[in-house]
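In the order they appear, the protein sequences are chains A and B. Numbering-wise, this note's numbering puts 392 at position 392 of the first sequence, and it's gapless, one number per residue. Numbering-wise, this note's numbering puts 1057 at position 57 of the second sequence, and it's gapless, one number per residue.
Simulated from the structure, these hints should not be mistaken for lab results. Keep in mind it's a predicted model, so treat the numbers as computed, not measured. It is possible that part of the hints are untrue.
To be verified - Taking lysine-lysine pairs in the BS3-like style, the calculated list, with each CA pair at most 25 Å apart, reads: (1) A/Lys429 with B/Lys1111; (2) B/Lys1056 with A/Lys317; (3) B/Lys1056 with A/Lys429; (4) B/Lys1056 with A/Lys365.
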Amino acid sequence: MSTSKSNEDIWLCLHFPDLPVEVFSRQSKTQQTPVVVTQRQRVAFMNPSARNIGILAGSSMNTALTINQQVVSFERNDQKELEKLEQLAQWAYQFTPCVTIKPPSSLILDVSGCMKLFKGLGNLKASIGSGLEKLGFRVSMGINRTPLSALLFAEAGMPDNLGEAKESLGSVPIHHLRIDDNIKDALHSMGISSCKQLLQLPVDGLNRRYGVFFTDYLSRLTGEKPDPQKFISDRPRFRSDVTFMSDVTNLESLVFPMKRLLGELQAFLTGRQLQVNQFSFKLSHRSHQPKTFTVFLANPDNDQPMFLMLSQLQLEKINDLPEVDNLALAANHFFKAESDSGDLFHGTRFMQKDGKVHRKAEQAKATRLINMMTARLGPQSCFGLSAANDHRPELAWKPMRIATKPSKSMEPEHLEPNVRPLFLLPDPKQLSSANRHPTLSGKLELLQGPERIDFGWWDDNPVARDYYIARHSSGSVYWIFLNLKNDTWYLHGIFS
Amino acid sequence: MSMSDLNHLMQSTGLWRASSIDSQYLEACPTGFELLDRELPGSGWPASGITELLQKQAGIGELRILTPALAHLSHSQTRWILFVSPPYIPYAPALAQAGIDLGRVLICQPKSAKDYLWVIENALSSQSCSAVIAWPAGILEKQIRRLQVAAKTGNCLGVLFRPDSVSVNASPAELRIRLRTHEHSKDNSAMVAKVIKRFGRWESSDILLHFDDELHRPMPDFSELLLQPYQARDFEAIKHTRTIQPAEHPPTAYEYQ
């Protein structure tokens, strides 16, 4: 919560006049399809290309289709607009933590605290403007000393004002005010058309005539009364989607919208100094079951080109989806980003002896390889090895999930004192025997042994075996055992 | 052409001469076998390039000639040692015995042949593997060429185990060695290697490699024990007995004699 009492406050309002259209089709230079959004069977909003061919707000859909056959129409969706506005508020969080959502189509930002960071209002406006342009949103910005006056300026398209709020409002026509239409009519009939005239009237009289809410609005507008704002909480949750005008049948053409969504994800993460280790794409179509795939990363990261590459690897595997009309990206699990400050003395003779910076780059490469392999082959296909403390040979090792290795070296707690083969068969293979001697399509000559392993009789998997090292007539050396329980020979390892 | 012309040509144009391959300038990883090192350019496995090891059958010690180098790499570098679809599980206790740091070992098991080559190539070129070891079955010459380029890019030791029958075919690999068992060594304490392709020199003669490891520790011969069947204990009975009777101590070798 904050008050707008101080004269140092600067409020920036972002007004999205085309938001109802932009939730369906965002602007881009290549986007030529005229798109309109209808409300009660009438065209209410349209994109620039629809405006250019002469479609007017308020005309019927038939009129619009007569002007151009290509016009695509959507029914207005308030819910979607609010969601999009919330996403934009989360996006704006990268500039200031004080962001308020003003439905239906505006955001109000308290930017007084971030003037120094962005080196002035001009730079801040430029970076917000270019960011929104990249996302494909048309925005109108208003700057004033109070939240409501900034909103008014943005909606009315007035120039920035950093003087007194009350004086700046003078020339604004009253029909821009967010007040009841009846009051507007009444004021007009009194001959009042600008805010200057309105604000000269005595407050008591206005209060009696139009009610306390109206005067309260006016005093908050001018900054006479504090106007506390409810800022969004930083809820780390990312959702964004792209709707396609026509069905996409070639999945490869999804790469470009995918890149755009991942770019938004990256901006979201950068703004909050976060990283993700998994995100999912949802490919849907109105007449099919949606298809979802999740990209897992070995380590949390924030790297759009890598995200895109991994998503592409997964996308290539999808082959049972005939068409797509909506692509959505979601990320829910976030990690604090590690600070990535470089070594001050990197590249100089004062460089740290352990070469930390270098190692970090090396680790990034290792992580990238693991990410690529798990994305293409599945998470189960790659694993590390570790020794386990068990005398049963098949239990003396275990596969290990790969996490942040190879960062630290792993020394086994104890080394097996007896000879072990470099290859172990996953399941021992039964050997035939002649005269109690093992054979494997040829004679096996025992070189060493026995090494008795009689272990685990207290659990469900007891073994009683005599292990021998045997040489086959072809020259290979095997690790074989005689199972003492059923007196049968098995091949268990190869001295490769 | 007079001698002075020739000298001039040598000095001014940087003319390449086969004899000038200076083994010191090739980055290599020592094999751990002095006799083999002596025969290899750079005195070791090429640290960036493909090495082919050709063998008639598995189990002749082909992996053992790599372990000293892998142990060295696992301790001197923080990069991975990747086994791509090994025919059996590389056995962790044995790798640890050989001095390989298990924390650096990675195993990848791609399912399809297409993924298989993809993994090898990407791992080689990723710069995050110090060694990639693979057992490609039917790999083509042009594919090996790609892998060779990838290994150069990633500064990685790539080892391909291939059947001995391909030794007559040409291969773009940097180093090719044929391995076979030594006829006179009964216990496989030795193996014969023959370098059939290397930089700057012809084929080598047979090199006898002696393994000096635990496998060849002399042991008393207990094989006559085999002729006496094992008297199986009743495991179920033991499991349910609270107090272990002296008679039920695990039998020792002594009892069998």
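Let me make sure I understand: some of the numbered hints might not hold for this structure. Which ones are they, in numerical order? 2, 4
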